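Keeping their order, the protein sequence lines are chains A and B.
Mapping to this note's numbering: the first sequence position 353 is 353, numbers consecutive.
Start counting at 1 in the second sequence, then tack on 1000, and there's your number in this note's numbering.
Just so you know, the hints here were simulated from the structure itself, not pulled from any lab data.
Owing to the predicted nature of the structure, the values given are computational and were not obtained by experimental measurement.
Check each hint, because a few of them may be wrong.
[Claimed, not checked] Where chain B lies over chain A, by a calculated footprint (3+ residues, C-beta under 8 Å):
#, region
1, 205 to 213
2, 238 to 246
[What the hints assert, rightly or not] Far from chain A, some chain B residues (derived; all Cβ distances over 12 Å):
#, residue
3, 1070
4, 1111
5, 1120
6, 1142
7, 1201
Where a beta carbon is used, it is the ideal one built from N, C-alpha and C, also for glycine.
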Amino acid sequence: MSEAKVVGNPSANKKILDIKNLDISFQTNAGTIHAIRGVNLDLCKGETVAIVGESGSGKSVTMKAVMGLLDSNATVNSGEILYTYTDEKGQEATVDLLKLPKKQLRQNFNGQRIAMVFQDPMTSLDPTMTIGKQIMESMFLHLQMDKEAAKARALELLELVGIPDAEKRFKNYPHQLSGGMRQRVVIAIALSANPDILICDEPTTALDVTIQARILELIMEIQQKMGLSVVYITHDLGVVAKVADYVDVMYAGKIVEVGNVNEIFFEPKHPYTWGLLSAMPDLETDDDRLYSIPGSPPNLLREPKGDAFAARNQFALAIDEKAEPPLFQISPTHWAATWLLHPDAPKVEMPPELVARLARARKEAEKYL
Amino acid sequence: MSEINLKEPLLQVQNLVQHFPISRSFTVKAVNGVSFYIRPGETYGLVGESGSGKTTIGRSVIRLYNPTGGQMLFQGQDITGKLDGKTREMLRKDMQMIFQDPMASLNPRKKVEDIIGEGLEIHHIGASKQERQALIGDMLKKVGLSPEHAARYPHQFSGGQRQRVGIARALIMNPKLIIADECISALDVSIQAQVVNLMRDIQEETHCAYLFIAHDLSMVKYISDRIGVLHLGYMVESGTKEEIFSNPVHPYTKSLLSAIPHPNPEVEKRRKAITYDYASSGLDYAAGTEHNVGGTHTVLGTDEDIRRWQKQ
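Only chain A is shown next, with the shape it has when bound in the complex (with noise of 0.2 Å):
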């Protein structure tokens, strides 16, 4: 049951990023974290996956995996990452990320076809450096490029990414431009080398609503354009809603729900995804008190007994102490790994606010359907 393997979508498109039973730990001064216990992710061609969850639940690490980001001090215990692409010859390869020996990864796999997007555009830019001069870097590395080819080229990206005056911007310096311009510049330093993935780590987290927005829907837009997998790594769930295709949620390490966009927020399933969405408020409540999940999430560092989510669980049944549970299938694309879906469970209502608020939502989303 728990070992199925979660398909993304049973649609034509290609599978192409594979994870399969991730397990990572982290040595600290304080004893061993066990920060992924056996994660499951795949990522289809042209799609978009958001992996949602609170600070701490590993869902930054689990892409830090994938790009060979991870820390001296983390170690990979089982699992693999499979990437497929097609090599220089034209022909379909699979690789295991993990597997691969940094220096190979570094030339052929991260910015070439595995790019990242980091949260503070301030802290991933050179300051010393003008932001052409960053764009073309990895042309240089990359793709051979002669200098005349690169700047036509990151002219060309620089215009992608909506920034006007491209000529002029190509010589400024980080400190000159304003927080979104900034981090379209990170977004077109992604772009360079033409990737096959592109994972946004709250990309616009330190960014304002209305350039959120922009940035969003600017990356939506190439996506279409060059046919990008795209991972967002967010807890905003209105982000979640704009760009995704599918969802994974993520609790203590583990993914508690998967299924699509439409399935994670009209019929959540898991208690832990009921309380993210009551959580945040949308514009209609005006409940007395918002709901919210009790407690904060566990510590890593001593192994949770049963579901780690029990404890914060006004839903949790006895046997949440004992034992883990496993995914439980709901449709072709959504599972949960709740015990309030196992057959023999009470059964169990959403939260009163939840349901009410679902109920708007479906109104609303009638009226453009």
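Starting from the known structure of chain A, fit chain B onto it as the hints suggest.
Relative to chain A, chain B alone:
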């Protein structure tokens, strides 16, 4: 003083101007003539993009800055110019602030009881150490921590708990007005709801007023009674939350509201945000005056602008 007068505003800000001279030829004009008032026990939300001056206003009101111009009345007393000792004491006691980053705003070398109790000691509240400790213990309970936490250091807490310590530090002085500057932005979604609920409970109990500064509009709408929309240091629109959200007049407010992410995939995937660019909009905020468009709803603009916007 303890009588709550609902008619008299608790805080009245008139034409606040806050400029920061950088060099002889360059001055950052962060706030350019902003007026608003807060009544006792109500929550006033300030929204706007980064650089719109919302944090600056909060810091000017609590006098972390010296305002360049304008007048601020707090409990009927002028708190604008040089403060005399008495006014200063009143201001420091009755107005408190909760900061954005709970780790950066708590001294890592102090125990929680010393952080929370510092104000008590300075203002000689509580006759003895025991009495103060009892007050601190009560306060910790009120914000959902336990009195045993008093002997711990900030790093031993999680983000949400740290923010509770920040709230306890503000509340222990029994303030009339709390300035909450992006106090939930650094917290996780599930923890945000806990802190917002706590702030509401405390308001019900103590009738303190909040100046709630945030960029998350759905949270601002949830917690605020009235809202002011700031852009480039001007208050472009102000009114009750119903007035602002159901009938936005100013194009900037419209664009801001259109950018709120809806946690609804069907809606969100089809929606395009309205863009607004001051430079190309042809508006001049400095030329505009405040127009009342019904109720307490005011909009900044010239007569002609307002007429045009209302027709739309």
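Going down the list of hints, with the structure as the test:
Remark: the region 205 to 213 of chain A is confirmed as covered by chain B, as 6 of its residues place a Cβ nearer than 8 Å to a Cβ of that chain, reaching the required three. Closer than 8 Å: that is the beta-carbon criterion, and the region 238 to 246 of chain A has 6 residues meeting it against chain B, so the requirement of 3 holds. No beta-carbon of chain A comes within 12 Å of the beta-carbon of residue 1070 of chain B; the shortest separation is about 26 Å. A cut-off of 12 Å between C-beta atoms confirms that residue 1111 of chain B is not in contact with chain A; the least separation is 21 Å.
For residue 1120 of chain B, the non-interface assignment is confirmed: its Cβ lies about 28 Å from the closest Cβ of chain A, beyond the 12 Å cut-off. Distance to chain A confirms residue 1142 of chain B as a non-interface residue, since its nearest Cβ pair spans about 16 Å, more than 12 Å. Listed as a non-interface residue, residue 1201 of chain B fails to keep its Cβ farther than 12 Å from every Cβ of chain A; the least gap is roughly 8 Å.
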